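Chain by chain, the residues run as shown.
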Amino acid sequence: MGIRDIIEGKKQWRAHVARIKNLPPDYQIVYHEIQRYVFKVGPVDLLDGPLLTELVDFFEEGVAAGKGVLQITGPDVAAFVDGLLQDIPTYADVYQESLTKKKHGL
Amino acid sequence: MTFWETITGSDMTREWNAFETRAAALPNDYRAAWEEIKTALMSYGDFTGRNLTPIFDSALGLLEESAADGQTIYQVVGDDVVGFSAALAGGEGARNYRDKWRAQLNANVAKKLNKLGG
Amino acid sequence: MDGLTEMLKGTLEGCVLEIIGAEETYGYAVTRRLNELGFTDVVEGTVYTILLRLEKNALVQVTKRPSEQGPPRKFYALNDAGRAELTTFWAKWEFMTSRIDKLKEGAR
Chain V
1 MGIRDIIEGK KQWRAHVARI KNLPPDYQIV YHEIQRYVFK VGPVDLLDGP
51 LLTELVDFFE EGVAAGKGVL QITGPDVAAF VDGLLQDIPT YADVYQESLT
101 KKKHGL
Chain E
1 MTFWETITGS DMTREWNAFE TRAAALPNDY RAAWEEIKTA LMSYGDFTGR
51 NLTPIFDSAL GLLEESAADG QTIYQVVGDD VVGFSAALAG GEGARNYRDK
101 WRAQLNANVA KKLNKLGG
Chain F
1 MDGLTEMLKG TLEGCVLEII GAEETYGYAV TRRLNELGFT DVVEGTVYTI
51 LLRLEKNALV QVTKRPSEQG PPRKFYALND AGRAELTTFW AKWEFMTSRI
101 DKLKEGAR
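Chains as they are written, first to last, in the UniProt record's numbering: chain V, 1 to 106; chain E, 1 to 118; chain F, 1 to 108.
Hints listed in this document are in silico derivations from the structure and should not be mistaken for laboratory results.
Treat the hints with caution; some may be incorrect.
Stated by the list, open to error - Okay, the calculated beta carbon distance ranges per label pair:
hint, chain 1, residue 1, chain 2, residue 2, range
1, F, 61, V, 97, 30 to 36 Å
2, F, 24, V, 50, 19 to 25 Å
3, F, 103, E, 42, 26 to 32 Å
4, F, 101, V, 68, 36 to 42 Å
5, E, 42, V, 24, 42 to 48 Å
6, V, 12, F, 61, 46 to 52 Å
7, E, 28, V, 67, 41 to 47 Å
8, E, 20, F, 95, 56 to 62 Å
9, E, 72, F, 3, 34 to 40 Å
10, E, 75, F, 40, 46 to 52 Å
11, E, 99, F, 95, 30 to 36 Å
Since we're looking at a predicted model, the values are computed, not measured.
A virtual CB, placed ideally from N, CA and C, is assigned to each residue, including glycine.
Construct the entire structure; sequences and hints are all you get.
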């Protein structure tokens, strides 16, 4: 299923978007920038996996504790996100691996 | 046979048609970028198209999201579509590009939070 | 102390395991503990990514509990695999610090 189908079609995704809209403005800004970055990096289970949902869980906890968004992510948001993505292969990884396999005749 | 059928085999045509339908809904400058991304990714040569499908899909998804978000195409792909595409496919220079995305992420956050505060 | 991020990278996971190993706890409490120890650069986000990884690698048991304020909190406790991992961490740590100390003494 394509990313767009999932984004537009799934009730789950709409619920997710609704949760983001309930966050304070600073959290929304950081969430959207993170999402944009993650879309580019392209982890394979982005929309089926828990990554973005859990991120909102984490953000909601920060909001409940009365903290600003950078207080919980740290000032280097990219480093924070890379920590989240660390163990997840990207589409690019999968593609590169398929090339390597082909080269070695596997 | 269309170009894409030649490249991908006809069993994949439906998937590609769906991509093209989605691309047709993009703003003009985005559509132009999509064409460039396709060409750039094709230059990888050694593929049947099958293993690149998810990469095309996520690239298109990125364009759709960003267009809906009101970003300019330049904000999304920058001035180097070939480099951008290489990064999408994890090819040479992907690491540099990811660094660029990283810097972009932090810069955007700083800029927008600043605007919010002031 | 500031500027420890790079040096801490490989060991922070062990520190988090140790804290969770002492008692079941949640992300913010782990962060606070590390801050109190003097690792002032560590933010919740850092701990959060580590906790997610521990969960994914099945080293912890996670329980959601309601909190006084806001959404339910995830509490983490070590399982057997987590305890084994912690033991391994301390063994590696002993090895590394003893060698590095030796190096330092030899240099004097």
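Results for each hint:
The beta-carbon spacing between residue 61 (chain F) and residue 97 (chain V), approximately 33 Å, falls within the hinted interval of 30 to 36 Å. Residue 24 (chain F) and residue 50 (chain V) have their C-beta atoms about 21 Å apart, which keeps the hinted 19 to 25 Å range intact. Under the hint 26 to 32 Å, the C-beta atoms of residue 103 (chain F) and residue 42 (chain E), about 53 Å apart, miss the expected range. Separation of residue 101 (chain F) from residue 68 (chain V) is about 41 Å and conforms to the stated range, judged on CB atoms against 36 to 42 Å.
Roughly 44 Å separates the CB atoms of residue 42 (chain E) and residue 24 (chain V), a value that falls within the hinted 42 to 48 Å. Hint check: residue 12 (chain V) to residue 61 (chain F), Cβ distance near 26 Å, so the stated range 46 to 52 Å is violated. The hinted window of 41 to 47 Å between residue 28 (chain E) and residue 67 (chain V) holds, with their beta carbons roughly 43 Å apart. Range check, residue 20 (chain E) to residue 95 (chain F): about 58 Å between beta-carbon atoms, so the 56 to 62 Å window is met.
Taking 34 to 40 Å as the suggested C-beta distance range, the pair residue 72 (chain E) and residue 3 (chain F) conforms, at roughly 37 Å. Between residue 75 (chain E) and residue 40 (chain F), the C-beta spacing of about 35 Å breaks the proposed range 46 to 52 Å. Residue 99 (chain E) and residue 95 (chain F) have their C-beta atoms about 34 Å apart, which keeps the hinted 30 to 36 Å range intact.
Checked against the numbered hints listed earlier, the structure breaks hints 3, 6 and 10; every other hint is satisfied.
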